[in-house]
Structures are given as structure tokens and as C-alpha cells.
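There are 2 protein chains.
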Amino acid sequence: MSGTNPFDLSRHLSSEAKARVANPMKAIWKLIQQQPNVVMLANGDPHFSLYPIRKVDFEVASIENQDPVKSWTASRLSARTLLLTSSSSNRSALPLNLGLQYANGAGRPEAQRAAAALTQFYHAPPDHITTLTLGNFDGITKCLRLLGEPGDKFLADEFAFRAVTNAGVPQGIEWISVKMDGCGMIPESLEEILVRWDEGRGKRPHVLYVVPCGQNPTGSTLSLERRRKIYEIAQLYDLVIIEDDPYYFLQYPSDPNDSSLVPSFLSLDTDGRVIRLDSLSKILAPGLRLGWLTSSAAFHEHLIALTDSSTQHPHGFGQVFLAELLSEHGWGLAGFDRWVSSLREEYRRRRDFFLEEFERRIGGSGLVNARAPEAGMFVWIRVNIEKHPRYQNGINAGDGAAARARTNVAQLMQELFMCCLDSGLVIVPASVFALSGDSVWDDSAVPIEDRVYFLRATFAGTEEIMRKGLEILANVLQTFFAE
Amino acid sequence: MSGTNPFDLSRHLSSEAKARVANPMKAIWKLIQQQPNVVMLANGDPHFSLYPIRKVDFEVASIENQDPVKSWTASRLSARTLLLTSSSSNRSALPLNLGLQYANGAGRPEAQRAAAALTQFYHAPPDHITTLTLGNFDGITKCLRLLGEPGDKFLADEFAFRAVTNAGVPQGIEWISVKMDGCGMIPESLEEILVRWDEGRGKRPHVLYVVPCGQNPTGSTLSLERRRKIYEIAQLYDLVIIEDDPYYFLQYPSDPNDSSLVPSFLSLDTDGRVIRLDSLSKILAPGLRLGWLTSSAAFHEHLIALTDSSTQHPHGFGQVFLAELLSEHGWGLAGFDRWVSSLREEYRRRRDFFLEEFERRIGGSGLVNARAPEAGMFVWIRVNIEKHPRYQNGINAGDGAAARARTNVAQLMQELFMCCLDSGLVIVPASVFALSGDSVWDDSAVPIEDRVYFLRATFAGTEEIMRKGLEILANVLQTFFAE
Numbered sequence: 020m021s022g023t024n025p026f027d028l029s030r031h032l033s034s035e036a037k038a039r040v041a042n043p044m045k046a047i048w049k050l051i052q053q054q055p056n057v058v059m060l061a062n063g064d065p066h067f068s069l070y071p072i073r074k075v076d077f078e079v080a081s082i083e084n085q086d087p088v089k090s091w092t093a094s095r096l097s098a099r100t101l102l103l104t105s106s107s108s109n110r111s112a113l114p115l116n117l118g119l120q121y122a123n124g125a126g127r128p129e130a131q132r133a134a135a136a137l138t139q140f141y142h143a144p145p146d147h148i149t150t151l152t153l154g155n156f157d158g159i160t161k162c163l164r165l166l167g168e169p170g171d172k173f174l175a176d177e178f179a180f181r182a183v184t185n186a187g188v189p190q191g192i193e194w195i196s197v198k199m200d201g202c203g204m205i206p207e208s209l210e211e212i213l214v215r216w217d218e219g220r221g222k223r224p225h226v227l228y229v230v231p232c233g234q235n236p237t238g239s240t241l242s243l244e245r246r247r248k249i250y251e252i253a254q255l256y257d258l259v260i261i262e263d264d265p266y267y268f269l270q271y272p273s274d275p276n277d278s279s280l281v282p283s284f285l286s287l288d289t290d291g292r293v294i295r296l297d298s299l300s301k302i303l304a305p306g307l308r309l310g311w312l313t314s315s316a317a318f319h320e321h322l323i324a325l326t327d328s329s330t331q332h333p334h335g336f337g338q339v340f341l342a343e344l345l346s347e348h349g350w351g352l353a354g355f356d357r358w359v360s361s362l363r364e365e366y367r368r369r370r371d372f373f374l375e376e377f378e379r380r381i382g383g384s385g386l387v388n389a390r391a392p393e394a395g396m397f398v399w400i401r402v403n404i405e406k407h408p409r410y411q412n413g414i415n416a417g418d419g420a421a422a423r424a425r426t427n428v429a430q431l432m433q434e435l436f437m438c439c440l441d442s443g444l445v446i447v448p449a450s451v452f453a454l455s456g457d458s459v460w461d462d463s464a465v466p467i468e469d470r471v472y473f474l475r476a477t478f479a480g481t482e483e484i485m486r487k488g489l490e491i492l493a494n495v496l497q498t499f500f501a502e
Numbered sequence: 020m021s022g023t024n025p026f027d028l029s030r031h032l033s034s035e036a037k038a039r040v041a042n043p044m045k046a047i048w049k050l051i052q053q054q055p056n057v058v059m060l061a062n063g064d065p066h067f068s069l070y071p072i073r074k075v076d077f078e079v080a081s082i083e084n085q086d087p088v089k090s091w092t093a094s095r096l097s098a099r100t101l102l103l104t105s106s107s108s109n110r111s112a113l114p115l116n117l118g119l120q121y122a123n124g125a126g127r128p129e130a131q132r133a134a135a136a137l138t139q140f141y142h143a144p145p146d147h148i149t150t151l152t153l154g155n156f157d158g159i160t161k162c163l164r165l166l167g168e169p170g171d172k173f174l175a176d177e178f179a180f181r182a183v184t185n186a187g188v189p190q191g192i193e194w195i196s197v198k199m200d201g202c203g204m205i206p207e208s209l210e211e212i213l214v215r216w217d218e219g220r221g222k223r224p225h226v227l228y229v230v231p232c233g234q235n236p237t238g239s240t241l242s243l244e245r246r247r248k249i250y251e252i253a254q255l256y257d258l259v260i261i262e263d264d265p266y267y268f269l270q271y272p273s274d275p276n277d278s279s280l281v282p283s284f285l286s287l288d289t290d291g292r293v294i295r296l297d298s299l300s301k302i303l304a305p306g307l308r309l310g311w312l313t314s315s316a317a318f319h320e321h322l323i324a325l326t327d328s329s330t331q332h333p334h335g336f337g338q339v340f341l342a343e344l345l346s347e348h349g350w351g352l353a354g355f356d357r358w359v360s361s362l363r364e365e366y367r368r369r370r371d372f373f374l375e376e377f378e379r380r381i382g383g384s385g386l387v388n389a390r391a392p393e394a395g396m397f398v399w400i401r402v403n404i405e406k407h408p409r410y411q412n413g414i415n416a417g418d419g420a421a422a423r424a425r426t427n428v429a430q431l432m433q434e435l436f437m438c439c440l441d442s443g444l445v446i447v448p449a450s451v452f453a454l455s456g457d458s459v460w461d462d463s464a465v466p467i468e469d470r471v472y473f474l475r476a477t478f479a480g481t482e483e484i485m486r487k488g489l490e491i492l493a494n495v496l497q498t499f500f501a502e
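So the protein sequences, as listed, match chains F and V.
Heads up: the first sequence begins at 20 in the working numbering, then just goes up one per residue.
Heads up: the second sequence begins at 20 in the working numbering, then just goes up one per residue.
With the rest of the complex left out, here is chain F (with noise of 0.2 Å):
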């Protein structure tokens, strides 16, 4: 294969997407819009007067003080705070009276443009245009249903948050994983993949689900040579990338004066073939449900209009809340980054906490070994089960999902989860990571049934909860391995 396909999103799209019949209602819409002025007895619209909300304030961290995350957390019931405020006056960056009423799905004008801000100040995409959805969750599986015939095949790394993938299954989507070190995805995995694609199994894979920062659960950050890499496969052999990003702004470079994050595949995308999706829920509130993603034209229509025929537009009380918290009243575009940059000092102090308590109480162990994560809210824990007494290789692991198995490893590291569950503690074991392989694809390595014996740790709770679980596990694996 030589050259580079031009991106051409027919090539992409589901049936189901290339199906989707506009509401009637749209023509009559086109029509009015061209028409100023004009007395509206069309729509059950409830008229503002009725709605029985004057006003909404949302009291919210100040970012007066050069590390906002440490006073807030510091001064707690006393921080200085800030009020943002939505009524129908027009002094609100997103006046009630609009943000509750109905809207189409691109949501409110309003928040799309502070979304659109934000990613406008951190990438710079090319050409590109802003869809809020629901949080990163709803904005993949909408790709999910646009992009997913039944019987495609999409790439995603080998261990990889089940719940997005789990999610395409029924619609028919088959995963093909893609192998990874402790820096990612491996891009020269990734190719073997497409170049070996026998197109008698079926159509060659054309999405890559990647998370770029702080992998979940692995806690990798690609660096920029494999993102380049990985963005030139994806030109060569016509992938779709669906960058889920959510940990894009924890990100702790090896060197503390370094403030650089690094660039997205957004920001490389010349072609239009990324979909990057952005969170609120690490940063400020899981439960805002409220995001954003950032895609081409094309997408964007295309996400209209299944946002529109499922879970329609944003709530208003999440895109007042965005518009006021960017405006000028709020915390503006400087605010909000000097949030997340001592948010990102916050998240370090909590993953150098953790690993200092990890290296003191079982470092020495040998038993266990784990590397810094360069970003996100996870330490991947490799555990050396093969110390264990009963460690054993070479066996025939039977029928099932884990066929492929010639160790115990996947037996020994549920019993190990199993003891710290009993203990008292909860940490997450990598077999309910693992994204099984293709067997086609991967004949020449040690499968990944073999290879869970990780353990998924998070850094991002109290220092009292790290200790406590740091000095649990350091208990369990004394006994477990001395059995």
C-alpha cells in the first residue's frame, strides 16, 4: 500500500447512521428561519413564564489564590468562593429562559462555544467543529452507533475499559486488540494487524479506540513520536481514531517544571479523521454529565442527528452551569486553566504519595514492581506471580474464553484478589481488563490470558485511604506468596 487515503466518511459510516430520516418538522424549521419575525403557533413549547425556576447559582471554587485546588482543599468550608448565577436576565452568559427551553441537539450556542473554547486553546484543531454530549460514555457509544456495522472489527488496546467496549458488542462490533508496553499502544503492533488482515475474516478493521493520557488501566501516556506513528497508520490504512482523553489535563511530566501537555491527535489531524472526546468528570464532577467531542463537519452532523433521534440535547442546568462557569463572570478561560493546573499538582502529590508508601511497604518485597504513570488516576501493579509457590507454566488451560492459557496466572491473581477483598480491601485485578486476543493475530507472543498479573490501583483518594490499602495489600502479598 503506498500513499494515503483521503479521508471520506461514506466509507465509515453505519447502515443505521446512512439510514436516519430527518423529523419532518426540520423543512418546516428551514423555512422559518429564513422568515423573521413571525408569530409562532407551531410548538408545544412551554412558554419561560411557566417555568417555575427564577434563578439558579452555582457556588463554585474562586481561583483568585496561584493554586486554587490547595486553598479549596485546604481551607475547605472557608474557601473563598465565587457565585455563578443563571436567571432570564441577559446579564447570564446562558439565560434560563433559553436554557431550559428546547433546543436541537447541538444544545445551546452558548455552551457549545465554551466547549469549543476550551478546545480551541488546547489543540488548535485544524478544522474542526464542537458536539456536547452526555460525557465522554454517551459521546463513544454515539460513535460507536455511527461508525459500527455488525461484524466490524475495531482496534482498541489489549487491556482497555471493558464498559466501551462491552458497550459495541451487541450493535455487533468485534474488538481486535492492539498490544501495548508501559508507554501505550505499540504503533508497530497496531500495523502488523492491518498489513496481516486477510479480508476473508471480514472488513479490515476502521476505528482505533484510543486513550491517549493515563490510560485506563494502565496508566500509560502515549508520547508524541507514537502518536505521530499511530496517526500515520491510521492515514495509511484509513482508520478512524476516536480519541477518549479524559485524563488529558492530569498529566505529570518526569520533569516537575515541565507545564507541557502533550499534543492530542486532534491537534495533528490535518485529514478530519479524529473524533476527540472531552470530560468534565476528572476535573471538575462525574456526575455533571456533561461533555464534549470534536470531530469534523461531517461527524458533527451526523451526531446531530442521532442526538437528536435518542438522547437529545444536553440538560440546561449542565450548559448554564458551563456557559457561566466560562464567561467573564465565572472563571473565564485563564480561571479554568489555572484550576486544572493545580488540579495537576494535586493529582501529582497524590501519585508521589502513593508510590512513596508503595516503594516503603513493599517495594523491597520483590514481589510486586510498579512504573510512575505519567498521567490519569492509575498505578498498574505488576505482580511477580511467578515467585508464587504454585505459579505453574505449560498447562492446558481447557475449553472457554481462556483456551489460550498455558499458565494459572489468571487463577492465582482472582485467588489474590479474592484475599484482599477479605482483608478489607478492594483493587482491581487486570482479567476484567483484558480485551481477549484474535488468535489469528496473535500466534507469535505469550496471549494475554497469561499476561493479567497486574493489578489496577488508584491514587486518586485520601492519602488516609492510600495508606490503609497500601498497608493491606503489603500484608496480603507477604502471606499469599509465603503460602
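It should be emphasised that the hints constitute simulated quantities derived from the structure, not laboratory data.
Any given hint could turn out to be false.
Copies of the same chain look alike in the list, so a pair counts if it works inside one copy or between any two.
[Unchecked claim] The calculated lysine-lysine pairs, modelled on BS3-like cross-linking and capped at a C-alpha distance of 27 Å, are: (1) Lys248 / Lys172; (2) Lys37 / Lys49; (3) Lys37 / Lys222; (4) Lys89 / Lys74; (5) Lys172 / Lys222.
All values reported here derive from a predicted model rather than from experimental measurement.
Given the coordinates of chain F, work out where chain V should sit on it, guided by the hints.
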């Protein structure tokens, strides 16, 4: 066919719903729930001390006055209000530290209980569970995913909210229209379709979508007698009934002293075959994007799984709002009932104003007539298009979607719509709601293409809008028919 079918969910599920794969983490959560006081190193849940949101205040209408909507709209900015507050304090009905954290698809129990209490109060369903939704559109389209298999034929009113029916088309649902009269869906027409069904044409329809009160667009309301008949037919032919009831609280019985509401399908549902959707859009504000559905436990489980693998749980701000509003610090159930009763009177006044203006300006013309709707927001205006000088009967309409038409009704109505628009009035022609009949079932009567002689008008607007709108309509009708 004799006797009734016992309800069996598995006969109704789509293969997509049956193929849904649980997140492997779920198994871990089940284990954890049996283990109190564990230390969690598991989840990437930001600690609530890092949410930059301390407090949310919603300033809502006071319901102290006997007729709260009247005082709210009359006193405007000086109207009394009530402050709903949620913070992380346990005085909140749903504290922010919980409301803004991740939840499963069921959302927070506090919000779910608030919605369930409303349903219990108004419908006392025999044996059902509440599932939060992102509004009725989200709820309905989730039901379509749950029940709809490619090639399935679902039943709906012949004039329907096409955004809903169209949403099912890309996934392969075909719609069969059921005849209506001024009182809504005709049970005998429904039964005729099912009796005469030829299995050679595909599986008999197993889902009925119905808007029982103030149906959009016809404004019709099904009597209790019709509901009983339709429910019996559903039992006999094993239908699932999707009861979409956003106008339930806006019912205007002909006797103004009668404050009773027609019992819902849900309240009659001894079998568990009804899925009822409740919305806050028409009674509080559309932009809330929060509603709930009520179903059997078996449907609930599947809907939660679908929610977990698509939109995820509803937004925290909405859940907090609902929980606070219905708590003892908010309106409570009694206050809610007072608000909706008062709102009902407000919309009855608007409806009466509309009908009086209509009668005064156009009633004597003989060109149009309208029936007083007993619920909702819409008046369905019959245009006596047969009186138009260019009206033709007995024509052959040619190919395409309107091939069955034998008159030029559709064309004249389109002209009338454009004349209104040119005069500055937007009113919706029936054609955008017409669900094209299936010629196999629609052979004995005038096809719907010849019956699109209606206009849908709303009385949801202000008196000024209604007055202006009807003035334009009167003038346009005179000119249009006098040509």
C-alpha cells in the same frame, strides 16, 4: 384466538438487548457490596473534596398560594419564591457529594424515590419499578432499542409525533398506523390490523406506541373505556404498550368541577406489559431533560443495562433538583400537586382563550372547525379544504409516497401553509405528522394522504401570540379560499 397471553418479556426483547454484555467490573461490585467498610483503591472516582462546587441553589416558585401558577405569572419578579439548596450537608435531600459522583444507570436512589413517589401517588401501579430517563424522548428511544428488531412492525397513531417514529426507522422498525377519530386511536381499527395479520408478511406487531392524553398532534384524549379496550387487545395479541404521557397533568375535563385525571394504562397494567413515560418538560421546563419511566422489574433491569452502556445515569444537577423539589424542604408531593393543578387551570384558560378567539374570528366562516381538546397544548384544526375552488377529487397522484392519494388535498394544504408563512404565521400542516398507511391494511377507507386537511396550532403561547396568530390565520383563510 382465545384467552389472554401471560406476559413474557423474552418474547419481546430485541436480539441486541439479549446480546448485551455486562461490564466485568459488575461482578466485582457485587462482591464488594457483601463486604462493608472496605478500603477502595479501585475506582477513578474523584474525591468530592476536589469538586469545585460547594452548593447549588434553585430559586423556585412558592406553592403557598392556593393557585401558585396564577400568582407566579401575575406577580412576576415580585412573586414569592422558595430556595432549594443542595450542598454536601446531610440536610440536603440529595447531597452534592453523592449527586455529583458516578452512579449506575439507575441514578441516585434519592431521585429515583422522588419520581417513584409521584407515580405511586397518581397511578398506584400494580407491580412496577421506576427508571430515571433523560426525558421522554430518551426513554422512548431506549424502549425502541430494547424491543425493536430489524423488520419488526410497531403500531402507532396514524397522525403521530414523527420524530419518535422516525427514530426507530434506522434500526429497522417499520410503523403500522392505526386509525383515529376525534377521540384518538380507534380500538376496533387496532384489533382489525391484528386479526387480519398475515404472518407471511412478517412477525405480527408486538409493540404499540400511544400518547393517551392530549395526543400530539391531534389533541385527542383516550377515554377510560377505550383504554380498557386497547389494554384487552394488548393482552389478547401480546402487545407491549409504550405509554408516552407528557400531557397527563394538563387535562381539562368538560366539567370544570371535575378535577379527576383519566386513569393511565399503567394503572390498568395487571400484566406488566405497559412501559409508562413521565416527563417534566411540559409542567416544569423542557430543558431539565429529566424524566422517568415505570415498568415491570424485568424491563427495568434491561433498561438499566442499556443506560449503563449508552447515556449512563442522568445528570447530577437534575437529580438533585428533583430530589430537593419533592422533599419536605421543597414543594413535597402536595406542593407538586398544587402546582400542576394550578398549571392545569392556566392552560385551560389559554385553551379557552384560543377557542374563543378562533370562534370569534374564523368560526362563522365555515372554512375551518376545531374540537376543544380535553388535554395537552394543541388544537387540531379541520380545514374544509373541499370548499377550495381548486379542490379536485378522483385524480391519480402518480408515483412515490403519495401514490395512494386521489385528491389534491396535500398540495392545497402545502399552499395554505406557505400562505400563512408568507403572512408571518407558523402553524403546522398535518402532512408532517401523517404516518403513511400500509396499503394492505388501509384498503377500505380514504388513505391518509387524502386526509391531511388539518393544521396543528398550540395554545402554549401568550394571549398576544394567540390573538395575532389567529388574526393572520383568519385573513389568510379568507384570501386563500376566495382566489
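Under a CA distance limit of 27 Å, which applies to Lys172 and Lys222: within one copy, between copies, both, or neither? Answer is within; shortest intra-copy Cα gap is 7 Å, inter-copy 31 Å.
From the Cα coordinates, with 27 Å as the cut-off, is the pair Lys37 and Lys222 best called within, between, both, or neither? For Lys37 and Lys222, the Cα distance is within 27 Å both inside one copy (18 Å) and across copies (25 Å).
Lys37 and Lys49: within-copy, between-copy, both or neither at 27 Å Cα: within (21 Å within a copy, 40 Å between copies)
Are the CA atoms of Lys248 and Lys172 at most 27 Å apart within a copy, between copies, both, or neither? So Lys248 and Lys172 pass the 27 Å test inside one copy only (21 Å; across, 48 Å).
When no copy is named, should Lys89 and Lys74 be tagged within, between, both, or neither for a Cα gap of at most 27 Å? between (30 Å within a copy, 19 Å between copies)
Every hint, counting from the list given before, is met by this structure.
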